[in-house]
Every structure is written in structure tokens, then in C-alpha cells.
Amino acid sequence: MSPTYRYDYDVITNWITPGESVLDLGCGDGSLLAHLTRARQIRGWGVENDPDNIAACIANGVNVIQVDLEKGLAGFEDGFFNHVIMSLSLQTIHNTLGILNEMLRVGRDAVVSFPNFGYWRHRDSLLQGRMPVSDILPHQWFNTPNVRFFTVADFDALCAEQGIVIHERLGFDKGRVVHDDLGSKASVAVYRLGRNTDSPSRLTTQAPLSDNG
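Here the sequence shown is numbered in the working numbering, starting from 1 and rising by one per residue.
Don't read these hints as lab results, they were simulated from the structure.
Treat the hints loosely; a few may be bogus.
[What the hints assert, rightly or not] Restraint ranges, calculated between C-beta atoms of paired labels, are given here: (1) K71 to R121: 32 to 38 Å; (2) A59 to L97: 32 to 38 Å; (3) I166 to A59: 34 to 40 Å; (4) L126 to I58: 38 to 44 Å; (5) L126 to A160: 33 to 39 Å.
Cβ coordinates follow ideal geometry from the N, Cα and C atoms, glycine included.
Could you put the whole structure together from the sequences, leaning on the hints where they help?
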């Protein structure tokens, strides 16, 4: 099985030094790790819970561990990885603050990308009375895996409130870099994050939710 490739991989690659250790959460078929292994010779591990994706990772030669991300990363040591990545998966997690806390605990920095629900085309769809469906949001409202719907402004505010440092931030629309007004012009945002060492205890822990939560 041939792994897929996405435009945000180049951004993530530029943030990684050859030979570093990387943990990819919700790694899918292992495409990002396979790319980073070729481009940066990383030491990489994926975390995935879907059996089909786990099989795809193995087929693509990617190290993968089966973990339910809603329950955290208790099996990983503090600061073990140079980078912990969650690419286009944060919006599918109930335990948002908990997983951000875990990423910044086990990694020296965290990289997250997510669809921006404030994107102008999404706003236009809502004004027409329909939930947005696009390349970055391909599912209908009744079968979407997304459980959190947030914007670039929402994520910036969360980082400020929780003492998370934004080292770098980029936006994309249809694979092209957006240089201004990410809040409305970017369909996808990519962040490189760190912990504020002056206030290491500010990040709030959020308990995992039940299936009915």
C-alpha cells in the first residue's frame, strides 16, 4: 500500500532536524511518518486505534502502537520525544485539553494542524443554512468524525488561557500558504507549540468523557 502525501507535510518537515524522535498521534496509514523517515531519517512511532489503519501502518513499514487517545499517553515518559504531532485529528478528540497536556508532557514541542471552521467558505455555507462540506471537511453532518468545531481565533485564545506558547503558526487554503487574515482565509492551520516554563502548571487537565458525554 502506497502512503498518501499532504501539503502540510512540508511545513512539519521543516520543523524537524534529521535524526530526531517523533510521535505521531492518530497517525492514520503512517504516511507522515513514512515521509519524515525518508526526508529527515527520524526515529518515529505512530499511535492509532483503528485496526485498518494499524494494518496499513504495518504495510507501510511504520512502527505503530494501538492506543485510545481519549485515555491519554500514560505509557510514555516525560520529554521522551523531540516532537509530538497531531495532524488533522485534534477536532476528533473529546479530551482536547487532556491530549494537549499529554503532547506537551511527552514531547519537547507539539505540532498540531486542524481545519479552521472560521474559513470564509465554511461561513458562507452556514449562511446558506447548510453545514460545510469541502476537501478538508469531506463528511456530512450525520457521519462526521469531528466532535469539536473551532476556529483559529478559538485555538489562539485557548493557548493564551492555558499558558501554551505558540512558536510558529501557518495557514493554508487549497495547498497554498495564507500570509494574512488566517482566521477567515485559511482552511487549515498548522501550529508548533511549547509549554510556558514560567508557569508550568497552568495547563488544565480535562478528564476523558464517557460515550454519553
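Return the numbers of the hints above that this structure violates; sort them in rising order.
5
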